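These protein sequence lines map, in sequence, to chains A and B.
So in our numbering the end of the first sequence lands on 357, straight run, no missing numbers.
So in our numbering the end of the second sequence lands on 1357, straight run, no missing numbers.
Simulated from the structure, these hints should not be mistaken for lab results.
One or more of the hints may lead you astray.
Within a straight-line C-alpha distance of at most 25 Å, the following computed SDA-like cross-link-like pairs (lysine to any residue) qualify [to be verified]: (1) A:Lys257 <-> B:Leu1334; (2) B:Lys1146 <-> A:Pro2; (3) B:Lys1310 <-> B:Ala1166; (4) B:Lys1172 <-> B:Tyr1123; (5) A:Lys262 <-> B:Lys1321; (6) A:Lys262 <-> B:Asp1182; (7) B:Lys1286 <-> B:Ser1113; (8) A:Lys347 <-> B:Lys1347; (9) B:Lys1257 <-> A:Leu334; (10) A:Lys181 <-> B:Thr1239; (11) B:Lys1286 <-> A:Asn152; (12) B:Lys1146 <-> A:Ala88; (13) A:Lys146 <-> B:Lys1172; (14) A:Lys146 <-> B:Asp1182; (15) A:Lys257 <-> B:Lys1172; (16) B:Lys1146 <-> A:Asn224; (17) B:Lys1297 <-> B:Asp1212; (18) A:Lys262 <-> B:Lys1297; (19) B:Lys1262 <-> A:Pro2; (20) A:Lys172 <-> A:Pro124; (21) A:Lys146 <-> B:Val1089.
The model shown is predicted, which means the values in this text are computed figures rather than measured ones.
Each chain, letter by letter, is given below.
Number of protein chains: 2
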Amino acid sequence: MPLSSKFNGLELPASADFHVHLRDGAMMKAVVPTIRSGGCNTVYVMPNLIPPLTSASDALAYKARLREQDPSINYLMTLYLHESISPAVVKGARAQGIVGIKSYPAGVTTNSSSGVLSYEPFYPVFTAMEQCGMVLNLHGECPSGKDITILNAESNFLPTLKSLHARFPKLKIVLEHCTTKDAIEAVRECGPNVVGTITAHHLYLIVDDWADNPFSYCKPVAKNPSDREALVKAALDGTGKFFLGSDSAPHDLSAKKGGTGKVAAGVFTQPYVTQLVLGAFEEAIKREVITEADVTKEILEGFLGGYGRKFYGITDSSNEKIVLRKGVEVVQELFEGDRVQVIPFRKGQSTWSIEWK
Amino acid sequence: MPLSSKFNGLELPASADFHVHLRDGAMMKAVVPTIRSGGCNTVYVMPNLIPPLTSASDALAYKARLREQDPSINYLMTLYLHESISPAVVKGARAQGIVGIKSYPAGVTTNSSSGVLSYEPFYPVFTAMEQCGMVLNLHGECPSGKDITILNAESNFLPTLKSLHARFPKLKIVLEHCTTKDAIEAVRECGPNVVGTITAHHLYLIVDDWADNPFSYCKPVAKNPSDREALVKAALDGTGKFFLGSDSAPHDLSAKKGGTGKVAAGVFTQPYVTQLVLGAFEEAIKREVITEADVTKEILEGFLGGYGRKFYGITDSSNEKIVLRKGVEVVQELFEGDRVQVIPFRKGQSTWSIEWK
Chain A
1 MPLSSKFNGL ELPASADFHV HLRDGAMMKA VVPTIRSGGC NTVYVMPNLI PPLTSASDAL
61 AYKARLREQD PSINYLMTLY LHESISPAVV KGARAQGIVG IKSYPAGVTT NSSSGVLSYE
121 PFYPVFTAME QCGMVLNLHG ECPSGKDITI LNAESNFLPT LKSLHARFPK LKIVLEHCTT
181 KDAIEAVREC GPNVVGTITA HHLYLIVDDW ADNPFSYCKP VAKNPSDREA LVKAALDGTG
241 KFFLGSDSAP HDLSAKKGGT GKVAAGVFTQ PYVTQLVLGA FEEAIKREVI TEADVTKEIL
301 EGFLGGYGRK FYGITDSSNE KIVLRKGVEV VQELFEGDRV QVIPFRKGQS TWSIEWK
Chain B
1001 MPLSSKFNGL ELPASADFHV HLRDGAMMKA VVPTIRSGGC NTVYVMPNLI PPLTSASDAL
1061 AYKARLREQD PSINYLMTLY LHESISPAVV KGARAQGIVG IKSYPAGVTT NSSSGVLSYE
1121 PFYPVFTAME QCGMVLNLHG ECPSGKDITI LNAESNFLPT LKSLHARFPK LKIVLEHCTT
1181 KDAIEAVREC GPNVVGTITA HHLYLIVDDW ADNPFSYCKP VAKNPSDREA LVKAALDGTG
1241 KFFLGSDSAP HDLSAKKGGT GKVAAGVFTQ PYVTQLVLGA FEEAIKREVI TEADVTKEIL
1301 EGFLGGYGRK FYGITDSSNE KIVLRKGVEV VQELFEGDRV QVIPFRKGQS TWSIEWK
């Protein structure tokens, strides 16, 4: 049965998106209202503001600003791994409700210039995180260099993932935004404390799609068809090891046009994130990568939030539900705020709808 | 000795650029004057206008329009391989001075929608070309499909090159704008009737460079560092099998901004093409891919025109000379015409200069 019949009217728990960029200021005001449009009531908020969030107090002040925009969302906060973070900072942050710490290798993506050059100095921090149950979120790319390009940066990072896991087997680690078959396999080879997030857009894209389209260009970049199909299959494998983290990354239109010669990396999926996942599975069925039978209600519920909530140990006390509708909606052309304009992924294309129950 | 000392003041024959896009109308008027700025007096003109040039009369009418802009340039004309081209058309075109025929696989680049789906129907055309000494110029990429992406499109085309060469060993074939180590090796493995052109920009670029920079995005896309280094070494191998074809491809700024979601493929190098080649070798020396000693006057003269003229059987009766200068020039920010604006490759960066003697 086509998904449009099978899931039209399906009721699911509100989605949880375990990797979002909500920015600050005018962009935050434009973006936060789109969280619920995308079917989510829980978001795991990235700390790469300018300057990055390296203390619990900064993260909590940011959380307060987010709550001013929409207090109905459960914002899960992270810190930015940085030399100022000590084991004492970790434990203090944990006590104040900070959930994890995100590591960016220096220079690989938007606002990562304060990132990590080597993991070894952070071993005491990882020990403290392991002890107090904080999650380590890894941007899994090596910085480009002699033989490292944006195409093999993730595959070259995987030995680091495995060695961190071997050294800290009780540390919960998320390999964020997996884009390659290699990454999927590496996460599978690790123990249950290592999981991977998958974005909505990487379920759609290959390299050809972003090469000439700034609104599909993100880091890590989408790779080959075989990589995309590995992601689709991982999203549906039902093991709980892979779940949604959209990496929705809004940039003002001016930063996407490449007028200065540089296009900002990031795809904006927040307003349709649940809907896009449904559409991606439909496209994969058309490509004959999966069949309708592979997309069950249980797996959908898991990928869209259940698996992630379980890994992070979060319960959704709101018990909010969304209803999926296969209707006639099309993706809005533009989202606007106060002097900010953001073009969403797949603008103008047809999409599933969601209703809040 | 650094190239800046070794070649400052060096006198060379005017360069020949064996792959240029000069467009038509206002863009042509903006671009043709830049041919001499780039040190060239001979250009091999691509036929992918809209509609494409599929007859000698159209190509000669275009040549007349080009000569109106600058009669001092030797414009070598090609036709666009198309079902309307018969053996009789080939022979008639040759008699009228048309030099070659360019084949575009359907859909791979700018204005290639009328391109070739299969080579077999053109075997009689290739036989006629072989007989009358016309050159076949191949855009060597397979159209993207199931497992073909813009990254492996060229490598996947190479068996086609080899089988065409095996079937038509006397047909002169140019594999245009080689971008991979694989392509260089394939050209080397073929007999002397198969050569390859190399652009100036592919001597500089890898995938990371164009991913976020529309002004470095072209088809075929720049690949890995190892590919770039293979191109640099091929350009300097002194065999005569590889020579300059810049594929300079101007697009109006509006088509590069991706405002509609699509960025036009093409890098504009025409005004500095000789200068850029010098700079590329300097950068390769810095990367320790080659040494100063690898860049000799003889090889430079060959790559910049001598090898190509020899392959095409062209003599430069003008005997014009250029002089290289390592000065303080920077690449202009913008080239403008009547309602057209083109941003050149490496705008604002320092460059060699040339003077006409």
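Results of checking the hints against the structure:
1. A:Lys257 <-> B:Leu1334: Measuring from Cα to Cα gives roughly 17 Å; hence the hint holds.
2. B:Lys1146 <-> A:Pro2: Holds, because 23 Å separates the two Cα atoms, which is no more than 25 Å.
3. B:Lys1310 <-> B:Ala1166: 22 Å, holds
4. B:Lys1172 <-> B:Tyr1123: Holds: Lys1172 (chain B) and Tyr1123 (chain B) sit about 14 Å apart, inside 25 Å.
5. A:Lys262 <-> B:Lys1321: Violated, at about 38 Å.
6. A:Lys262 <-> B:Asp1182: Status violated; Cα separation ~30 Å.
7. B:Lys1286 <-> B:Ser1113: Since the Cα atoms of Lys1286 (chain B) and Ser1113 (chain B) sit roughly 41 Å apart, the hinted pair is violated (cutoff 25 Å).
8. A:Lys347 <-> B:Lys1347: Violated: Lys347 (chain A) and Lys1347 (chain B) sit about 32 Å apart, past 25 Å.
9. B:Lys1257 <-> A:Leu334: 17 Å, holds
10. A:Lys181 <-> B:Thr1239: Violated, at about 41 Å.
11. B:Lys1286 <-> A:Asn152: 24 Å, holds
12. B:Lys1146 <-> A:Ala88: Distance of about 52 Å is beyond 25 Å: violated.
13. A:Lys146 <-> B:Lys1172: 37 Å, violated
14. A:Lys146 <-> B:Asp1182: The hint holds at about 20 Å.
15. A:Lys257 <-> B:Lys1172: Cα-Cα ~42 Å, so violated.
16. B:Lys1146 <-> A:Asn224: 10 Å, holds
17. B:Lys1297 <-> B:Asp1212: 36 Å, violated
18. A:Lys262 <-> B:Lys1297: 36 Å, violated
19. B:Lys1262 <-> A:Pro2: 31 Å, violated
20. A:Lys172 <-> A:Pro124: 15 Å, holds
21. A:Lys146 <-> B:Val1089: Outside the cut-off at roughly 50 Å; violated.
Comparing the model with each earlier hint shows violations of hints 5, 6, 7, 8, 10, 12, 13, 15, 17, 18, 19, 21; every other hint is respected.
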